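Asker: Letter by letter, the chains look like this.
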Amino acid sequence: MGVAAAGSTGRVVGGVVGGAVGRVVGRVVGNVKITDADGKPSNADAIIYVVGFKEAPGAEITQVAQKDKKFVPDLVAITVGEHVKFPNGDAFLHNVFSQSTARKFDLGSFKRGDAKDKDFPDPGVIDVYCNIHPEMAATILVLPNRRHTKRNADGSYLIDGVPPGSWTVFAYTRRAAKPVSAPVTVTAGQDSLINLALTRGAEPDHLNKYGEKYHDNATTTYR
Amino acid sequence: MRRLLLLAMVVAPGTASAGRTFYGWLQGSETMPERGAEIGTFISEENRLEDLHNNRDTTWWFAPSIGINDQLELTLPIEFAWDRADNTGPRSTMLHYAAELKYRFVTSDSVDKPAFAPAIRIGINRVVTGSRDVVEPHATLIGTYEAGAFHAAINLGVEALVGPDQQYYQGMPGVGLSIAATEDLRFGVEAFGEFALNHTDDGNYSWFAVGPNLAWTHGRTWISAAYGIGVYKIRDAPKLNWGIAF
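Residue numbers (my numbering), protein chains in the order written: chain W, 1 to 223; chain X, 224 to 469.
Simulated from the structure, these hints should not be mistaken for laboratory data. It is possible that some hints are incorrect.
Straight-line Cα separation of at most 20 Å, SDA-like style, residue types lysine to any residue; simulated pairs [said to hold, decoys possible]:
{"hint": "1", "chain 1": "W", "residue 1": "LYS116", "chain 2": "X", "residue 2": "ASN292"}
{"hint": "2", "chain 1": "W", "residue 1": "LYS70", "chain 2": "W", "residue 2": "GLN99"}
{"hint": "3", "chain 1": "W", "residue 1": "LYS85", "chain 2": "X", "residue 2": "ASP293"}
Covered stretches of chain W (in silico footprint by chain X; criterion: 3 or more residues with CB under 8 Å from a CB of chain X, positions within the stretch not fixed) [as the list claims (entries may be wrong)]:
{"hint": "4", "region": "192 to 200"}
{"hint": "5", "region": "207 to 213"}
This one's a predicted model, so the numbers in the text were calculated from it and none came from an experiment. Ideal Cβ positions, reconstructed from N, Cα and C, are used throughout, including at glycine.
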């Protein structure tokens, strides 16, 4: 569980939250440990995020590429209202879709060099698949604010610009049964330490965009 | 030539439809996603009254549809007909092959799409019966409105049958309502007709019918049907549509 670090640096950090220049903010730091079902450490991506307040979206467009029959990266976090771009870098068609309640969409099939863009106006967990290649899966976390980050290779993370208050920190990784969370109290100018742990399982089966099982040899080379 | 032109007029309901619709006779505003493909077909009957020699015709229409982009769809139909009237024996024929484009003016994205979705469908049929010098250009303005389980549609279509000796023009208006009973099943009512915009020597082939409809979507397959009960110059006009997407 997490413990707010007391008397760390004592520094006052100026930050901008929701456009209010000059407000004083704090940081949430820590380590996220991920293990596979066999107990061995995993270097899978994890997103750590803080919920309890809203912020305006940024202008950046996140990319989830299709390359070597994989989504790269397969886990991203964006803020409500931001866009994700899906460029196809493979020499064959892909068809990106999602049946997640928070954001259903079907980008149709598009060829190498083409890219499709999709906006995400509501928060939620969006599972994205390819209707042609069942092995392709990705997750987009659509979050209420911009206080989210990916953990580093050593498992550490740092979220800057968190407004003072009592919030909840979550860690999410794909193939975990559910995200883990801990309450955090953020004090201006101080670091709040939260360590979390996740266990991953197998990639769950999914259906195609028609709600059917995928057929074998579903790859198409049509241009 | 004139007899063959009349045959084409009588057996040509001109109501081609592709892409999912909740109605029997009315077209919807949905289009295939880019590079999506669908095989669609319909069977329809027009069983007319005594002043049109009790003419009965059954039409079978079959077509692949392809999504050019998320708002534009190409359909390549072939149409066959069986026809019989009191003064003629039964006849079966391939009626025409055609090309149609359907353009949806607004996005079909499940979150961003507006409640009202206009679309237009244009096409041209190459009539293969008779002397082979008859074409049928047609166009339909489509408007749909969706709010929760409620769906409404309006179609304003026009079709011309153009031959060297005679031309025939008809309007094809229709309105319909559809209510979702479950996620996959819908029921409603619709009214549809064909109204001659000019008169031929042999009479007016207008008709109008009103009746119930239903629609069922199951995965990649959809079925819709309507049973038009004759209001003007027709006994009944049933129609069954079916499509499967790939």
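Asker: Evaluate each hint against the coordinates.
Answerer: Hints and how they fare:
no., hint, in the structure
1, LYS116(W) - ASN292(X), "holds (12 Å)"
2, LYS70(W) - GLN99(W), "holds (18 Å)"
3, LYS85(W) - ASP293(X), "holds (16 Å)"
4, 192 to 200, "violated (count 0)"
5, 207 to 213, "holds (count 3)"
Checked against the numbered hints listed earlier, the structure breaks hint 4 alone; every other hint is satisfied.
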